[in-house]
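Peer 1: Can you build the whole structure from these sequences, using the hints too?
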Amino acid sequence: MANQNINEEAIIQAVIKALGDLELPGDGSSTAGSGAAVRAGQADRSSVSDESLVDIAMIPEEEICLVENPKNKEALMRLKRSTPARTATGRAGDREKTMINIRKMANLSAAVDAVWTPLNKEFVGSLGYPVLKSMPSSKEEYLMRPDLGVLLDDANMNIVRTQLKKNPDVQIVIGEGQSNQGLEKSMPELLPALLQGLQANKIDYGTPCFVEYTRVGIGDLIGQEVGAKVVCVILGERPGLLSWDGLGCYITYGPKVGILESKRTCVSNIQDNGGTPPAEAGAYISDLIARILKEQKSGVDLII
Amino acid sequence: MFCVDKLFFSIRKAAFDSAFCGTAERGKERQEVAEKILSVGIDIGTSTTSLVFSSLTIEKMTGDMYMPRTEITDRSVIYRSPVYFTPLRSNVELDAEGIREIVEKEYSAAGVDPGDVETGAVIITGDTARKVNAERVLGEISRFAGDFVVAAAGPSLESILAGKGSGAQQYSVDQVETICNMDIGGGTTNTAAFYDGNCIDADCLDVGGRLIRFSRGSTRIEYVFPKIAEMGRRLGVSAELGAVLNASEITQITDAMAEAVMGKLEPSQTNEHYLFLRTEKGENRGPVKKIDVVSFSGGVGKLVYEPEEKDKLKYGDIGVYLADSLKKAIEKHSLRVVKPKETISATVIGAGSHSVDVSGGTIAVTRPELLPLKNVPILAIEDPLHLPPEEFTDQVKKKTEWLQGLDGDQTIALNLKVDKKMGFQDVVDLAERVIGATRELMAAQQLLVVILYGDYGKVLGQSLSMRLPPGKEVICIDSVDVGDGDYIDIGRPVGVADSVPVVIKTIAFNY
Chain A
1 MANQNINEEA IIQAVIKALG DLELPGDGSS TAGSGAAVRA GQADRSSVSD ESLVDIAMIP
61 EEEICLVENP KNKEALMRLK RSTPARTATG RAGDREKTMI NIRKMANLSA AVDAVWTPLN
121 KEFVGSLGYP VLKSMPSSKE EYLMRPDLGV LLDDANMNIV RTQLKKNPDV QIVIGEGQSN
181 QGLEKSMPEL LPALLQGLQA NKIDYGTPCF VEYTRVGIGD LIGQEVGAKV VCVILGERPG
241 LLSWDGLGCY ITYGPKVGIL ESKRTCVSNI QDNGGTPPAE AGAYISDLIA RILKEQKSGV
301 DLII
Chain B
1 MFCVDKLFFS IRKAAFDSAF CGTAERGKER QEVAEKILSV GIDIGTSTTS LVFSSLTIEK
61 MTGDMYMPRT EITDRSVIYR SPVYFTPLRS NVELDAEGIR EIVEKEYSAA GVDPGDVETG
121 AVIITGDTAR KVNAERVLGE ISRFAGDFVV AAAGPSLESI LAGKGSGAQQ YSVDQVETIC
181 NMDIGGGTTN TAAFYDGNCI DADCLDVGGR LIRFSRGSTR IEYVFPKIAE MGRRLGVSAE
241 LGAVLNASEI TQITDAMAEA VMGKLEPSQT NEHYLFLRTE KGENRGPVKK IDVVSFSGGV
301 GKLVYEPEEK DKLKYGDIGV YLADSLKKAI EKHSLRVVKP KETISATVIG AGSHSVDVSG
361 GTIAVTRPEL LPLKNVPILA IEDPLHLPPE EFTDQVKKKT EWLQGLDGDQ TIALNLKVDK
421 KMGFQDVVDL AERVIGATRE LMAAQQLLVV ILYGDYGKVL GQSLSMRLPP GKEVICIDSV
481 DVGDGDYIDI GRPVGVADSV PVVIKTIAFN Y
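In the order they appear, the protein sequences are chains A and B.
Going by the numbering used here, the residue at position 220 of the first sequence is 220; the numbering climbs one at a time, nothing skipped.
Going by the numbering used here, the residue at position 102 of the second sequence is 102; the numbering climbs one at a time, nothing skipped.
Keep in mind that a hint or two might mislead.
To be clear about the criterion: a stretch of chain A counts as covered by chain B if any three or more of its residues have a C-beta under 8 Å from a C-beta of chain B, and this derived list gives those stretches [unchecked claim]:
hint, segment
1, 66 to 75
2, 186 to 197
3, 258 to 270
4, 283 to 292
Straight-line Cα separation of at most 25 Å, SDA-like style, residue types lysine to any residue; simulated pairs [as the list claims (entries may be wrong)]:
hint, chain 1, residue 1, chain 2, residue 2
5, A, Lys263, B, Met65
6, B, Lys289, A, Asn69
7, B, Lys374, B, Asp174
8, B, Lys290, A, Ile56
9, A, Lys71, B, Lys290
10, B, Lys421, A, Met157
11, A, Lys133, A, Met157
12, B, Lys420, A, Ile56
13, A, Lys185, B, Gln425
14, B, Lys290, A, Lys202
15, B, Lys421, A, Lys202
16, B, Lys420, A, Ala57
17, A, Lys202, B, Thr366
18, B, Lys341, A, Ala75
19, B, Lys289, B, Gly483
20, A, Lys71, B, Lys399
21, B, Lys421, A, Asn158
22, B, Lys397, B, Arg439
23, A, Lys104, A, Leu195
24, B, Lys472, A, Asn201
25, B, Lys421, A, Arg78
26, B, Lys421, A, Lys294
27, A, Lys202, B, Leu468
28, A, Lys294, B, Arg367
29, B, Lys397, B, Gly408
30, A, Lys71, B, Leu335
31, B, Lys290, A, Glu62
32, A, Lys73, B, Leu335
33, A, Lys73, B, Lys289
34, B, Lys399, B, Gly483
35, B, Lys420, A, Asn269
36, A, Lys202, B, Gly471
37, B, Lys472, A, Gln199
38, A, Lys185, B, Asp426
Derived from the structure by calculation, the hints contain no laboratory data.
Beta carbons are placed, not taken as given, at the ideal position from N, Cα and C, and that holds for glycine.
Peer 2: Printed below as a string of structure tokens:
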């Protein structure tokens, strides 16, 4: 309970401390000469301890209450526990409080980083699966041209033809999609649970493959080419301001190029912070694939 | 500009319409995945016996894009029996025949076939649980009542059910206050404190209206509960069998009882009457939080909300006097009191509507035919991920022997207390540790039952199943909070998702 008061006061102090390190040009006191200003700055700095400051972006949302003098704080905090959304944010005049603004900027940066961080080739290599790349020639093009993300050039098609096992029950396709963090953080928890579950269900999952610049539709092409009964594409989910390491999973029965989006069964928001724990999701997806194989349908046709 | 606006408006409207219709259709679909189950509650209390049928709605709470999570979304009472006096053969024996007749009559009055009843609880409460044939009657009635109807007794469970049935639990959520419900009946007072929907304290006192009964039309004691006679001696009142009490002597006793009830609410919990009248000895934790408000249920509790009863011997016992003493005590201690939704029927509604819960939506059951399981004792292991393997094995072995007693075939449920987020490797480690520690147990047993709180039921279940020899089955359920000393009933999977209904019982017959 004590934590729930991480308090605006403490946070403001942290911000003031941080701002204290910055020298504002044109400050009246600097007329005494830059040397003095620097010395003053140093003096200030030496009075700041070496401990790291509270990372404003890392304070759990459910511990923050910025409403001033709430009538019933307990009620407000309970409501906050029911959602990861930014609530009880208070206001400064008719604007957002600085704290909220900074947290949003921090989260937005994390989201942008998740998309733009270059693919960790070493990590991908460590998975030990054939690595493909869809048609876009850059991240920018990948983001701007979804139509290219579902195509493979001849060299890549050749890998599909020669390195992937033919006619598996399910073809697994994984990729970074729009979150490299989702790939690196959540995939290592999900994938082994999924494969274990498929083994338990005695499902032939052929040769899983990795596709850089992943779009969900790429699975249709690969699944069709190898003759898989089902394709299961797992990729980094587009980050938002609340999570940036989530995975999404799309399972399609009878994959073929041009299949309708409504034929896909989706499991979304797989991440460890308020979403579904990735390991449990892997186990769940394996049973879901078993059901889709049994009922021979997916998407809106399948009532989960 | 006008055109653009208009166009924009029509697009928005189309989007709105489609979104709206989508919701309507989705609503229909949701109806299909909701399941209603019929639950019975039978309360055989010290003075009264009653029965309710409830309709519970189990529904998938998540959209199609998320993993299934099920909840009981509605608990409606659809039939209430009249309140009967509990048939007794003598002061120490229940009239089994009479009780059975009442139950059968009420099933037919409600038009319910025992085969239709999917869950629920028969609960023997208060002083009745001390009768010599209580356990047998309980077993018989629960066998008649339906396939998955549990027999339950035990002061803590009774307190919790009464607190939930009265509506106090819901009050703690809706009003954001910590509430303590006092269910004061004929034989016992069951207290349960709720904070944000969770029971934070459950207790039981030997305070009730029928602990002293008088011969018809007099105040000559026909029956007195020994502990109350002892309390009388302490107060200087001769409350022995055959003695005649005057109004002030009765009031002295009921005042002391009321003070005991108030003592429960004091943070110190050192009130001498309270300590004397508690049913369970041993260390008391006391309420974890300050109690904001109090509610009363049960036959005597109900009288607290009614105008003063002039006929003090209306029920031939000390019930009316006790209600008067409670009213005085409430004023003296300036308690804030609210009237709960249910008073006299709190326990039976608790048994009918609140005894059952559902597990998480993703669990592992390798052979559903093995369900339902009844009265499975819980063997809790703290921090199994860090416990040295020998110690893990040792704990399983020792506790199993203790829980199985003479019945070596008794299935044991392993409750793993893991309170951190687990990655896949943790889950595998845990599975291997469990397999190692239960090797001996599983040599004799076909089924491994594992219960978790965190959402890892399916992945741990699969991990266990992969590592067990062929022919051994696994039931691994999550989102269930139990502890050492509890018993659990696990029902067959309900239609929506994979969840199973569960009933958690504290140990039976420890009065």
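Peer 1: It remains to establish, for every hint, whether it holds in the given structure.
Peer 2: Evaluated hints:
1. 66 to 75: The restraint on the segment 66 to 75 of chain A holds, since 3 of its residues have a Cβ under 8 Å from chain B and three suffice.
2. 186 to 197: Check passed, 7 qualifying residues.
3. 258 to 270: Three-residue rule met by the segment 258 to 270 of chain A, so holds; n is 5.
4. 283 to 292: Contact hint for the segment 283 to 292 of chain A vs chain B: holds, 4 residues under 8 Å.
5. A:Lys263 with B:Met65: Holds, because 13 Å separates the two Cα atoms, which is no more than 25 Å.
6. B:Lys289 with A:Asn69: holds (23 Å)
7. B:Lys374 with B:Asp174: violated (34 Å)
8. B:Lys290 with A:Ile56: violated (33 Å)
9. A:Lys71 with B:Lys290: holds (19 Å)
10. B:Lys421 with A:Met157: violated (40 Å)
11. A:Lys133 with A:Met157: This hinted pair holds, its Cα atoms lying about 10 Å apart.
12. B:Lys420 with A:Ile56: Distance ~23 Å between lysine 420 of chain B and isoleucine 56 of chain A Cα, so the pair holds.
13. A:Lys185 with B:Gln425: holds (13 Å)
14. B:Lys290 with A:Lys202: violated (55 Å)
15. B:Lys421 with A:Lys202: violated (28 Å)
16. B:Lys420 with A:Ala57: holds (22 Å)
17. A:Lys202 with B:Thr366: With Cα atoms ~14 Å apart, lysine 202 of chain A and threonine 366 of chain B stay inside 25 Å; holds.
18. B:Lys341 with A:Ala75: holds (22 Å)
19. B:Lys289 with B:Gly483: holds (21 Å)
20. A:Lys71 with B:Lys399: violated (50 Å)
21. B:Lys421 with A:Asn158: Given that 25 Å is the threshold and the Cα spacing comes to 41 Å, the pair is violated.
22. B:Lys397 with B:Arg439: With Cα atoms ~10 Å apart, lysine 397 of chain B and arginine 439 of chain B stay inside 25 Å; holds.
23. A:Lys104 with A:Leu195: Roughly 37 Å separates the two Cα atoms, so the pair is violated.
24. B:Lys472 with A:Asn201: holds (16 Å)
25. B:Lys421 with A:Arg78: holds (22 Å)
26. B:Lys421 with A:Lys294: Violated. Lysine 421 of chain B to lysine 294 of chain A sits at ~32 Å, over the 25 Å cutoff.
27. A:Lys202 with B:Leu468: Holds - the C-alpha atoms of leucine 468 of chain B and lysine 202 of chain A are around 16 Å apart, at most 25 Å.
28. A:Lys294 with B:Arg367: Since the Cα atoms of lysine 294 of chain A and arginine 367 of chain B sit roughly 18 Å apart, the hinted pair holds (cutoff 25 Å).
29. B:Lys397 with B:Gly408: Given that 25 Å is the threshold and the Cα spacing comes to 12 Å, the pair holds.
30. A:Lys71 with B:Leu335: holds (23 Å)
31. B:Lys290 with A:Glu62: OK: lysine 290 of chain B and glutamate 62 of chain A at ~23 Å, within 25 Å.
32. A:Lys73 with B:Leu335: With Cα atoms ~23 Å apart, lysine 73 of chain A and leucine 335 of chain B stay inside 25 Å; holds.
33. A:Lys73 with B:Lys289: holds (16 Å)
34. B:Lys399 with B:Gly483: holds (13 Å)
35. B:Lys420 with A:Asn269: Given pair lysine 420 of chain B, asparagine 269 of chain A holds - Cα atoms ~20 Å apart, limit 25 Å.
36. A:Lys202 with B:Gly471: holds (16 Å)
37. B:Lys472 with A:Gln199: Holds, at roughly 17 Å.
38. A:Lys185 with B:Asp426: holds (15 Å)
Comparing the model with each earlier hint shows violations of hints 7, 8, 10, 14, 15, 20, 21, 23, 26; every other hint is respected.
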